[in-house]
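Chains as they are written, first to last, in the working numbering: chain A, 1 to 319; chain B, 320 to 429.
Worth flagging that the hints you see were computed from the coordinates, not collected in a lab. Worth double-checking, as some hints may not be accurate.
[Unchecked claim] A few chain A residues that face chain B, going by a derived Cβ cut-off under 7 angstroms, partial list only:
{"hint": "1", "residue": "E35"}
{"hint": "2", "residue": "P66"}
{"hint": "3", "residue": "G139"}
{"hint": "4", "residue": "D149"}
[Stated by the list, open to error] Anything over 10 angstroms on all C-beta distances counts as not near chain B; from chain A, calculated:
{"hint": "5", "residue": "F79"}
{"hint": "6", "residue": "S82"}
{"hint": "7", "residue": "D110"}
{"hint": "8", "residue": "L131"}
{"hint": "9", "residue": "T175"}
{"hint": "10", "residue": "D188"}
{"hint": "11", "residue": "D198"}
{"hint": "12", "residue": "H251"}
{"hint": "13", "residue": "H273"}
{"hint": "14", "residue": "C305"}
[Said to hold, decoys possible] In silico DSS-like pairs for lysine-lysine, Cα to Cα no more than 27 angstroms straight-line:
{"hint": "15", "chain 1": "A", "residue 1": "K179", "chain 2": "A", "residue 2": "K237"}
{"hint": "16", "chain 1": "B", "residue 1": "K322", "chain 2": "B", "residue 2": "K378"}
{"hint": "17", "chain 1": "A", "residue 1": "K205", "chain 2": "A", "residue 2": "K176"}
{"hint": "18", "chain 1": "B", "residue 1": "K338", "chain 2": "B", "residue 2": "K403"}
{"hint": "19", "chain 1": "B", "residue 1": "K403", "chain 2": "B", "residue 2": "K378"}
{"hint": "20", "chain 1": "B", "residue 1": "K378", "chain 2": "A", "residue 2": "K176"}
{"hint": "21", "chain 1": "A", "residue 1": "K90", "chain 2": "A", "residue 2": "K259"}
{"hint": "22", "chain 1": "A", "residue 1": "K205", "chain 2": "A", "residue 2": "K194"}
{"hint": "23", "chain 1": "A", "residue 1": "K132", "chain 2": "B", "residue 2": "K409"}
{"hint": "24", "chain 1": "B", "residue 1": "K409", "chain 2": "B", "residue 2": "K357"}
{"hint": "25", "chain 1": "A", "residue 1": "K205", "chain 2": "A", "residue 2": "K179"}
{"hint": "26", "chain 1": "A", "residue 1": "K90", "chain 2": "B", "residue 2": "K417"}
{"hint": "27", "chain 1": "A", "residue 1": "K5", "chain 2": "A", "residue 2": "K90"}
{"hint": "28", "chain 1": "A", "residue 1": "K4", "chain 2": "B", "residue 2": "K417"}
{"hint": "29", "chain 1": "B", "residue 1": "K357", "chain 2": "A", "residue 2": "K176"}
Quick reminder that beta carbons are idealized off the backbone N, C-alpha and C, glycines included.
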Amino acid sequence: MEHKKVIVVGSGPAGLTAAIYTSRADLDPLVIEGEPSSTSDQPGGQLMLTTEIENFPGFPEGLMGPELMTNMRSQASRFGASFQTAKVTKVELDTKPFALYTSDQQDQNDPVLTCDALIIATGARSLMLNLKNENELIGHGVSTCATCDGFFFRGQDIAVVGGGDSALEEALFLTKFAKSVTIIHRRDALRASKIMQDRAFANEKITFAWNKVVTELHSENAVLTGITLEDTVTSEKSPLAITGLFVAIGHSPNTEVFKGLLEMDDAGYIITHAGTHTSVDGVFACGDVQDHKYRQAITAAGSGCMAAIDVEHWLESQH
Amino acid sequence: MNKPDIAQLNDANFDEWIKTSEKPVLVDFWAEWCGPCKMIAPILEQIAVEEEARVGIAKLNVDNSLEVARRYEVMSIPTLILFKNGQVAKRIVGAMPKSSLMRELNPHLS
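Isolated chain A, as found in the complex (with noise of 0.2 angstroms):
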């Protein structure tokens, strides 16, 4: 069994950014960066699935989501901060050290990673539709990441599922493969950013299926023909022949392991006060795990560091 000092779990901005201020601050930080994956939950996090990052201060040509994630890790590591890739399978946080498993042990009995101080950034995940064949056809016409798949889709006519910045982003990115692209929408507005919202109305390959919910995924030969969508209003149905469906609807925290142990709101983000503290003496949350409101790179960031502080002042403050 290993101890550290500080432990941070989670590696995309707000975990890098609290592996970079802990290890400059000589607390010599291991960083559970999380395991390989193609949906959001992966090391780097969310970023890993983007494109372009227009909005990141510092960079006025824009940057890729991945380069800026391979950047702050390497300046993570750069002052010090150790990875480990895998994921946090259980926590003990009752007594003191907290003591951590992880999925690359083989025993899963005993912990192997024992922390004075624990700093959760885990992130959230996107949402799927929850249809009874969905997981079936993911890779078969359902996607959960549009970079990776778009291509695939060159003069198709496919649809994207939501009303908020990523899936403007996402269907505005589609564009450059797609016949078509029909954004669906539950409700008769968006919630994405006005520059957004002008960018999408103005791409003639985009078009809009308001009110309007997807309730049946059809597939032929195990490949994706056509969905079914259903008025809000009307409760009509309708179906909309399309080779490819991206979905993003929304996102959830990736607070599982924590469950019971720290204090979370409705829908399972951890609440923290005064800063980064969490309902536990010694535990500090940054990033989307406590945010659902602002969700950005820079306010992930902004957070790490917050926590990072929080945590040299709260190890001060034990001796």
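On the provided structure of chain A, position chain B as indicated by the hints.
Just chain B now, with coordinates in the frame of chain A:
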């Protein structure tokens, strides 16, 4: 670690390579612009070294070899397809940790 021996396949050399390989070949359909593909690349390099006796690793960039990608109905990357004697033995869509990947592959390797 030894330098991994990874074949670079394309529309021109794919069929010949898959047909003539003496051991099963795991083909990684990937592209430069795909984040999860980058995550899985080092894992495949490790497998290429550690499992050299049991499986060959090859990469096919879908950007310049769309014909092969279309033929195997690749609609999402990374897609990994294991070929045995020129036939598809296993298809794996999406990035995953090495342990999970080996769990999927093991039943198909001798």
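Tell me, which hint numbers fail for this structure?
Violated hints: none at all, because every hint is consistent with the structure.
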